[in-house]
Amino acid sequence: MTDTALPNAEVTLSRLADKMRDAVAFDAKLIGIHSGGAWIAERLAGMLGGEHQVGFIDVSFYRDDYAKKGLRAKVATTTLPFEIGGSRVVLVDDVLYTGRSVRAAINELFDYGRPEAIELAVLIDRGGRELPIEPTYVGARLTVARDLSIVLQRQPDGSLELSVEPAEGTGGA
Amino acid sequence: MRNPQINGAGELQHLLTLEGLPPEVIGRILDTAVPFVSIAERDVKKVPLLRGKTVFNLFFESSTRTRTTFEIAAKRLSADVINLNIGVSSTSKGETLLDTIDNLVAMNADVFVVRHAQSGAPHLIAQHLSATGRAHIHVINAGDGRHGHPTQGLLDLFTIRHYKREFSALTVAIVGDVLHSRVARSLIHGLTTLGTAEVRVVGPQTLLPTAVESMGVHVFHDMREGLAGCDVVVMLRLQSERMKGALLPSAGEYFKHYGLTVDKLKLAKPDAIVMHPGPMNRGVEIDSAVADGKHSVILPQVTFGIAVRMAVMSILAGSQAPA
Numbered sequence: 001m002t003d004t005a006l007p008n009a010e011v012t013l014s015r016l017a018d019k020m021r022d023a024v025a026f027d028a029k030l031i032g033i034h035s036g037g038a039w040i041a042e043r044l045a046g047m048l049g050g051e052h053q054v055g056f057i058d059v060s061f062y063r064d065d066y067a068k069k070g071l072r073a074k075v076a077t078t079t080l081p082f083e084i085g086g087s088r089v090v091l092v093d094d095v096l097y098t099g100r101s102v103r104a105a106i107n108e109l110f111d112y113g114r115p116e117a118i119e120l121a122v123l124i125d126r127g128g129r130e131l132p133i134e135p136t137y138v139g140a141r142l143t144v145a146r147d148l149s150i151v152l153q154r155q156p157d158g159s160l161e162l163s164v165e166p167a168e169g170t171g172g173a
Numbered sequence: 001m002r003n004p005q006i007n008g009a010g011e012l013q014h015l016l017t018l019e020g021l022p023p024e025v026i027g028r029i030l031d032t033a034v035p036f037v038s039i040a041e042r043d044v045k046k047v048p049l050l051r052g053k054t055v056f057n058l059f060f061e062s063s064t065r066t067r068t069t070f071e072i073a074a075k076r077l078s079a080d081v082i083n084l085n086i087g088v089s090s091t092s093k094g095e096t097l098l099d100t101i102d103n104l105v106a107m108n109a110d111v112f113v114v115r116h117a118q119s120g121a122p123h124l125i126a127q128h129l130s131a132t133g134r135a136h137i138h139v140i141n142a143g144d145g146r147h148g149h150p151t152q153g154l155l156d157l158f159t160i161r162h163y164k165r166e167f168s169a170l171t172v173a174i175v176g177d178v179l180h181s182r183v184a185r186s187l188i189h190g191l192t193t194l195g196t197a198e199v200r201v202v203g204p205q206t207l208l209p210t211a212v213e214s215m216g217v218h219v220f221h222d223m224r225e226g227l228a229g230c231d232v233v234v235m236l237r238l239q240s241e242r243m244k245g246a247l248l249p250s251a252g253e254y255f256k257h258y259g260l261t262v263d264k265l266k267l268a269k270p271d272a273i274v275m276h277p278g279p280m281n282r283g284v285e286i287d288s289a290v291a292d293g294k295h296s297v298i299l300p301q302v303t304f305g306i307a308v309r310m311a312v313m314s315i316l317a318g319s320q321a322p323a
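Protein chains in written order, with the working numbering: chain H, 1 to 173; chain U, 1 to 323.
No lab work stands behind these hints: they were computed from the structure.
One should not assume that every hint holds.
Capping the alpha-carbon separation at 27 Å, the derived lysine-lysine pairs in DSS-like fashion look like this [claimed, not checked]:
1. K46/U - K68/H
2. K53/U - K69/H
3. K69/H - K46/U
4. K294/U - K74/H
5. K294/U - K69/H
6. K75/U - K68/H
7. K75/U - K46/U
8. K74/H - K53/U
9. K74/H - K45/U
10. K74/H - K75/U
11. K69/H - K45/U
12. K53/U - K68/H
13. K164/U - K294/U
14. K68/H - K45/U
15. K269/U - K69/H
Quick list of simulated restraints, FRET-style, between CB atoms [to be verified]:
16. Q155/H - G52/U: 36 to 46 Å
17. P81/H - S62/U: 38 to 48 Å
18. E165/H - R282/U: 56 to 66 Å
19. S35/H - A211/U: 20 to 30 Å
20. T54/U - F82/H: 51 to 61 Å
21. A289/U - E168/H: 31 to 41 Å
22. G158/H - V219/U: 50 to 60 Å
23. S62/U - D157/H: 54 to 64 Å
The beta-carbon is built from N, C-alpha and C at its ideal position, and this holds for glycine as well.
Please model the complete structure; the sequences and the hints are all you need to start from.
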């Protein structure tokens, strides 16, 4: 698969927002997984209407490849400016692949409290799951060779763009 | 000389000293400590990074704060922590340092946190581990003799950066017993590595190391001159045992010349911060009005110390053993 076959990120984001608008609880908290998911969560909050508070989660301390790869160089701070206990939460990520990041994020959320429910919204579902995790809302589904990663980038004007890069090692998002 | 702290892949393998540690490595530790600070504010003050790892706190010299903060740091990373006050057990029965280490390695230790009265003891342990093919075990220096106390230096750097941001614009004064202070030595190395504009040491001739200027600091014997225009004032503990050694006339005399009072602090910048590695001697090196005043960041230093030690342990334990 080449760059040209990738969907446009902005169009995909609008499609994702359309699917979520009537389905997501009006007060659901949108929690973006650093860094791509964080950008999408911020954008979705503006697009969905309702009263969605936004939080950010960095799953570095919960990853299952720490013993193999060590700690990542840049760890961001998890910022959840609301109670997790009793909240309806939508985890937001850019690309869903093995499901391991989502597993880590769910584990981390429970260290903040017991959410009433967790849903999962992703811009791209590229298949290849290694855990029984399924998204609730998907912008687009596509198939990509195992040795490639799909990377979301944010342009200086705030718009989002998808690109394909060679994957580092195996596993990943 | 090859830096034994850094492995062949350029990763931090042990933390023995801040001397010669590249600025990127120090920067990475400080950056990693930031997200660890907020873990203390959560419901569950734990992350699973070091689950299944065993950390031995080996204190051949007593310390309450350092040992406790290392213990909390390891526990918040989900490690199992064993505290050993070796001064009162094995060595008193004649066991050598390296025999003690070998026994603990046989109990499957993953990390050693070492405090020792002899300079170079953590270094010796790290060399012994790599010479005997056990380089996957990590050593953290928690204070050795007069040599260094790198995690204290790092937490001081973290505190300064937290309140003051850019080191290149700062004047930092380190006041007191620099001669006997491993804290001062580590902090000076860290500050100069990060490009601090000016580092001053302030104290009587008898409590400053000879040729201390060669570490890249300016020397002041008059505290008022030394504090003028400073952004950061680091007070060092006056160890009372030094007084008996005839280095100083009396605690009262010392306070008069080198004690930090509200009045003297006015010579520093209006937004200056005051730090102290603890334990404090109120009325000897620092006045209570300053220690408890609005410039003091002495208690935040303790809190940040836990996050910095979590960062060090999680970077070390995640580094891959060299081939």
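The hints, checked one at a time:
no. : hint                        : verdict
1   : K46/U - K68/H               : holds (21 Å)
2   : K53/U - K69/H               : holds (16 Å)
3   : K69/H - K46/U               : holds (21 Å)
4   : K294/U - K74/H              : violated (33 Å)
5   : K294/U - K69/H              : violated (43 Å)
6   : K75/U - K68/H               : holds (21 Å)
7   : K75/U - K46/U               : holds (7 Å)
8   : K74/H - K53/U               : holds (23 Å)
9   : K74/H - K45/U               : holds (21 Å)
10  : K74/H - K75/U               : holds (23 Å)
11  : K69/H - K45/U               : holds (24 Å)
12  : K53/U - K68/H               : holds (14 Å)
13  : K164/U - K294/U             : holds (15 Å)
14  : K68/H - K45/U               : holds (24 Å)
15  : K269/U - K69/H              : violated (45 Å)
16  : Q155/H - G52/U: 36 to 46 Å  : holds (42 Å)
17  : P81/H - S62/U: 38 to 48 Å   : holds (42 Å)
18  : E165/H - R282/U: 56 to 66 Å : holds (58 Å)
19  : S35/H - A211/U: 20 to 30 Å  : violated (48 Å)
20  : T54/U - F82/H: 51 to 61 Å   : violated (37 Å)
21  : A289/U - E168/H: 31 to 41 Å : violated (55 Å)
22  : G158/H - V219/U: 50 to 60 Å : holds (52 Å)
23  : S62/U - D157/H: 54 to 64 Å  : holds (59 Å)
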